[in-house]
Amino acid sequence: MNSPRTIFLLLVALLVSCFGLAAHLQPQFQAWRGSRASGDIFNVVLGDSRRMFAQSFYVKADEYYHSGYYPTIFDNNEAFKTAHMAEDTGAVNSRNHGDETGFLGPRRNWIDAFGRHFFPDRHTHLDEGGPTDDLSGSDNVREILPWLKLSADLDPDNVQTYTVTAYWLRSRMHKVAEAEAVLHEGLRNCPDSYDILFELGRLYDEDYHDTGRARNVWELAIRKWLKIYPALDPEAQKDNRLIFEQITTHLAKLEEDAGNLPEALNWYKAAQKISATPDALQSRIDAVQKKLHAPILVAPAKL
Amino acid sequence: MKNIFAVAGIVIKELYRRKDFYVLFIVTVLICLVMASVNIFNDAKIVRYLKEICLLLIWVCSLVIAVTTTARQIPAERENRTLLPLLAKPLTRPQLIFGKFLGCWLACGLALLCFYVFFGALSATREHQWPLLDYFQAATLHWFMLGIVVAMVLLGSLVFAAPSSNNTICFVVIGGILFVGRHLDQVALTLHEPFRTVVYSLYFAIPHLELFDVRDLVIHNWPLIPWLYFSLALLYALGYMAVFLVGTCLVFRRKAVN
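Just so you know, the sequences run in chain order A and B. Each step along the first sequence adds one to the number in the working numbering, with nothing skipped, and position 115 is 115. To convert a position in the second sequence, counted from 1, into the working numbering, add 1000.
Calculated from the structure, these hints are not laboratory results. Mixed in with the good hints there might be a few duds.
[Claimed, not checked] Partial selection, computed: residues in chain B whose CB lies under 10 Å from chain A:
#1 I1040
#2 Y1049
#3 L1050
#4 L1056
#5 E1077
#6 E1079
#7 D1185
#8 V1187
#9 R1215
#10 H1220
#11 P1223
#12 Y1236
#13 Y1240
All C-beta atoms in this analysis are idealised placements derived from N, C-alpha and C, irrespective of residue type, glycine included.
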């Protein structure tokens, strides 16, 4: 029984059965959604916890936007609920309340008072010059980008990371091609995102001056919004109204500039239905209606 | 003083004979160079993330060097049976303590000098500026903070049984002070008596090492710390070093050396 030949044959049998089992399991493992083997390095190492790290790096980018002046878990962070770097893009609903300049509060004791000389203690934004208040250095906002890139790599489903990255890339650093690449990557990961489509439309309209593509992208964003919005919970619906208003008012402005006044009027009216400030839009509607009903002036020589 | 400097000289020689510093320095350099080679949206001017990583590594490495070098000084002398002959010479116990402290502190200073020169060179490649006074303030505060750490670990090496337990306890205490030291008074307010008074007293009693952590000011190019407050911070550090060293001398006076 214990002869070398028997042991050898047993080993061969075990090897064959191992190979067979592996060949049988491999396709199932590849098809299994929980598999980490097919993911990138972050997915393999961190699994789903990478989303938590992604959020930390997103906050880190906002901390850089404030040049290190940022509340800790022990401070009052009511004025920092929504990242200021996202709020300043104009496409995010803000949840911030309170005093953003004084979250440290009054000096508590001599150690606290003394310690405030050794860390950033003044509210500044990088795009406004940062600690030096030098507006010519507003392109220093580039410093937030590594953390946003890392955040996007860790959590590819977070739409805001792409829109914020693209906004600062094109608006302050004039890197339009890179911004477009970021948005296309975002669309590959989140194909139904109307936020990314809105930002892409802005890029085509404001940087490439390609109104045709901007119109197409924004109209697609509207269709996506109309499809997704009814399924959202009331709180999410409230947050998503701003983006609809932004898309429709941009579309209305685009049509108005192109001379398509009836379409512009329709978009302004659509925006007004959902806007938190309908009176402001009424003045735009009145102006378009006035243009629409104005008599066409013809030169006397042609009469 | 001659005796103190002689002991200190031996400790410094020990640092550059051992491999710890070289390994940590090379690891720091390699990590920073790899991070610097990452292409972020084709922009070669992005530097603050690199400064942050480099300074974080410098802080971690310097703490490791300070704690591990200091923790083994007196236990190693006792283990090698060299403590008794050393004290048989015209060398008093306080002189030995001060010599060991000075040696470890100066060794940390030399290590910091290498680290900060590398940090300055790395930043200059991207920022094209050399804010020497900012680096001087950051490095000096860092060095004085390490002075408190060295004095504290030296006291721990006489109180705790083995260097390993001393290392672990000191790392936990230092980490705790750096992370929550500044907020202990706020934490105290959320507690009931008697814990409130205990934590509040602790807040005023501990050495606030986080005061010396001015990395954010250096990373984000904030203006210099006013020199008056800078000097007061150094005095604060010297005060705590004195407290720990006197404590160490008192403990060592009654300690059996064989």
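Hint by hint, here is what the structure shows:
1. I1040: Holds - the Cβ of B/I1040 comes within 10 Å of chain A, reaching about 5 Å at its closest.
2. Y1049: 4 Å, holds
3. L1050: 9 Å, holds
4. L1056: Violated - the Cβ of B/L1056 stays beyond 10 Å from chain A, reaching only about 12 Å at its closest.
5. E1077: Hint violated; B/E1077 Cβ to chain A Cβ min 37 Å, cut 10 Å.
6. E1079: With Cβ-Cβ at 40 Å, over 10 Å, it is violated.
7. D1185: Nearest chain A Cβ about 6 Å off; hint holds.
8. V1187: Nearest chain A Cβ about 7 Å off; hint holds.
9. R1215: 9 Å, holds
10. H1220: 4 Å, holds
11. P1223: 7 Å, holds
12. Y1236: 8 Å, holds
13. Y1240: 13 Å, violated
Figure legend: structure checked against the earlier numbered hints; hints not met, in rising order: 4, 5, 6 and 13.
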